[in-house]
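J.: Sequence:
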Amino acid sequence: MASHPTYEAHGQPYVDETTSMTAEKQDSKGTRDVFGEDGSHQIQYKTLSWQAVSLLMIAEIVSNGILSLPSALAVVGIVPAVILIVFLGIFGLYTAKLLIDFKLNHPNVHTMGDAGYIMFGPVAREVLAFGTVSFAVFGSGSGLLSSQQALSTLSNQGMCSMYLVLITGAVAFLISLPRTLDRLAWMGLVSAAVIAIAGFIAMIGAGVNPVPGRTLTVAASSNFFDAFLAVTNPVGFCICRYGILFFILISEMRKPEEAIKAAWCLQGFATIFYVVFSVVMYVYIGNTVQSPVLFSLPPVWAKAAFAIALPNFLFSSGLYTHTATKLVFVRIFRHSEHVHSHTLLGWTVWTLLCLAGSALAAILAIAVPIFSYLIGIAAALFAAWYTYGLAGFFWLHDAYHLEGGMDGLKRRPIGTTLAVLTILSGTFICVAGTYVSIKLIVEAYADGQVGRPFVC
Numbered sequence: 012m013a014s015h016p017t018y019e020a021h022g023q024p025y026v027d028e029t030t031s032m033t034a035e036k037q038d039s040k041g042t043r044d045v046f047g048e049d050g051s052h053q054i055q056y057k058t059l060s061w062q063a064v065s066l067l068m069i070a071e072i073v074s075n076g077i078l079s080l081p082s083a084l085a086v087v088g089i090v091p092a093v094i095l096i097v098f099l100g101i102f103g104l105y106t107a108k109l110l111i112d113f114k115l116n117h118p119n120v121h122t123m124g125d126a127g128y129i130m131f132g133p134v135a136r137e138v139l140a141f142g143t144v145s146f147a148v149f150g151s152g153s154g155l156l157s158s159q160q161a162l163s164t165l166s167n168q169g170m171c172s173m174y175l176v177l178i179t180g181a182v183a184f185l186i187s188l189p190r191t192l193d194r195l196a197w198m199g200l201v202s203a204a205v206i207a208i209a210g211f212i213a214m215i216g217a218g219v220n221p222v223p224g225r226t227l228t229v230a231a232s233s234n235f236f237d238a239f240l241a242v243t244n245p246v247g248f249c250i251c252r253y254g255i256l257f258f259i260l261i262s263e264m265r266k267p268e269e270a271i272k273a274a275w276c277l278q279g280f281a282t283i284f285y286v287v288f289s290v291v292m293y294v295y296i297g298n299t300v301q302s303p304v305l306f307s308l309p310p311v312w313a314k315a316a317f318a319i320a321l322p323n324f325l326f327s328s329g330l331y332t333h334t335a336t337k338l339v340f341v342r343i344f345r346h347s348e349h350v351h352s353h354t355l356l357g358w359t360v361w362t363l364l365c366l367a368g369s370a371l372a373a374i375l376a377i378a379v380p381i382f383s384y385l386i387g388i389a390a391a392l393f394a395a396w397y398t399y400g401l402a403g404f405f406w407l408h409d410a411y412h413l414e415g416g417m418d419g420l421k422r423r424p425i426g427t428t429l430a431v432l433t434i435l436s437g438t439f440i441c442v443a444g445t446y447v448s449i450k451l452i453v454e455a456y457a458d459g460q461v462g463r464p465f466v467c
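With positions in the sequence shown counted from 1, the corresponding number in the working numbering is that position plus 11.
Please keep in mind that the hints were generated in silico from the structure rather than gathered at the bench. Keep in mind it's a predicted model, so treat the numbers as computed, not measured. Just so you know, even glycine gets a beta-carbon here, dropped at the ideal spot from N, CA and C. One should not assume that every hint holds.
Simulated restraints on C-beta separations [to be verified]: (1) I94 to Y174: 39 to 45 Å; (2) T362 to A204: 27 to 33 Å; (3) V97 to E348: 24 to 30 Å.
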């Protein structure tokens with residue numbers, strides 16, 4: 012009879028009877044950590060500090076999505092939008108703590124797929140792994156579109172946008188090639204710095220060029236569709252994307268227990284920057300603010316901000332491709348020599364996966380006229396669950412197995428209630444976001460706003 016997997020958390024062993032095999036049993040060397048003790052290996056993964064993780068997360072999260080935030084204020088008003096941004100920042104810090112605790116309790120977890128396997132079995136593993144790869148490819152494509160917009164603005168639309176996407180896709184491919192995330196950490200520093208500088212440049216540009224006769228809305232009464240549409244960007248592509256990357260990043264930390272410091276750094280910086288940037292831009296531009304907001308600036312200021320932000324867009328795309336590649340690569344070669352050594356097969360497969368990810372992101376951005384709408388659907392289906400909803404399941408799972416089953420849950424009513432509310436919030440964002448995105452696609456086709464593929 013097959014034995015059930017045994018875990019150890021907080022020094023206490025427990026048996027998970029819900030599954031008969033876990034990712035741990037795939038490790039022929041007997042270690043539960045996905046990368047093990049890799050000090051003697053040619054390729055060493057566990058090298059990231061919490062500061063490096065903070066920079067990588069800031070570079071990824073505080074990226075092109077922030078350019079859509081000011082337009083949300085025009086729809087729902089300054090006060091509701093600011094409250095929402097702050098609330099989601101605090102909520103994100105809470106769910107980050109749940110993700111980190113689950114990772115520390117289960118060192119074998121490398122991706123959301125591994126976490127899904129522990130909680131729900133093999134089907135959940137495939138679904139969550141597919142969702143991670145899909146969202147990462149869509150995120151990479153989003154970065155390419157932002158890069159294309161930046162280059163088009165800088166060149167005064169002097170080159171076909173399709174060619175610009177291909178060029179930026181090639182750059183993103185090169186960025187994704189390093190096998191370990193520590194090789195990308197210095198680019199994370201540059202990327203985080205340039206997006207912050209670009210934001211300040213944009214705010215200065217708006218401040219010295221205020222829109223005459225602008226109108227501002229403190230609080231607006233909008234219907235559900237318009238209100239949720241307005242906040243889809245901050246929910247999907249500004250605030251709740253870190254769940255896609257967090258497990259992979261923590262797996263490469265020297266001290267995974269310090270991941271909470273990175274979470275504090277990320278959420279603190281991001282929330283403050285989101286509020287300041289969106290309010291300043293909206294106050295000086297008013298209800299005519301466009302999305303992306305840089306198009307509301309005078310051309311010289313828009314070009315300056317786009318030029319400075321361009322490295323961030325490219326790095327964001329490359330990091331997403333790296334994430335998708337690493338998930339698939341580790342899934343194929345987990346605990347084999349190809350993960351830890353410079354083998355011909357390992358590097359060949361890695362390079363081909365990076366190329367495939369970059370190519371797919373570029374093709375989607377070029378060939379799918381409704382790609383920007385599909386990004387919204389991907390955010391609703393995956394990002395909200397990965398950052399919010401699943402965190403509640405993580406807490407309930409470990410509390411149940413580590414604290415004495417149902418009695419343990421009853422002894423912690425506040426934590427149990429918060430976990431259930433977290434799951435419900437993920438469900439709401441998923442359902443409502445998907446509905447809004449699909450309705451947008453229908454309206455776009457009805458209004459003739461959908462273009463053709465492979466055109467400039």
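J.: Against this structure, judge whether each hint is valid.
T.: Results for each hint:
1. Separation of I94 from Y174 is about 43 Å and conforms to the stated range, judged on CB atoms against 39 to 45 Å.
2. Evaluation of the 27 to 33 Å hint for T362 and A204 yields a pass: the beta carbon distance comes to about 29 Å.
3. Distance hint for V97 and E348: a CB-CB separation of about 48 Å, inconsistent with the stated range 24 to 30 Å.
Checked against the numbered hints listed earlier, the structure breaks hint 3 alone; every other hint is satisfied.
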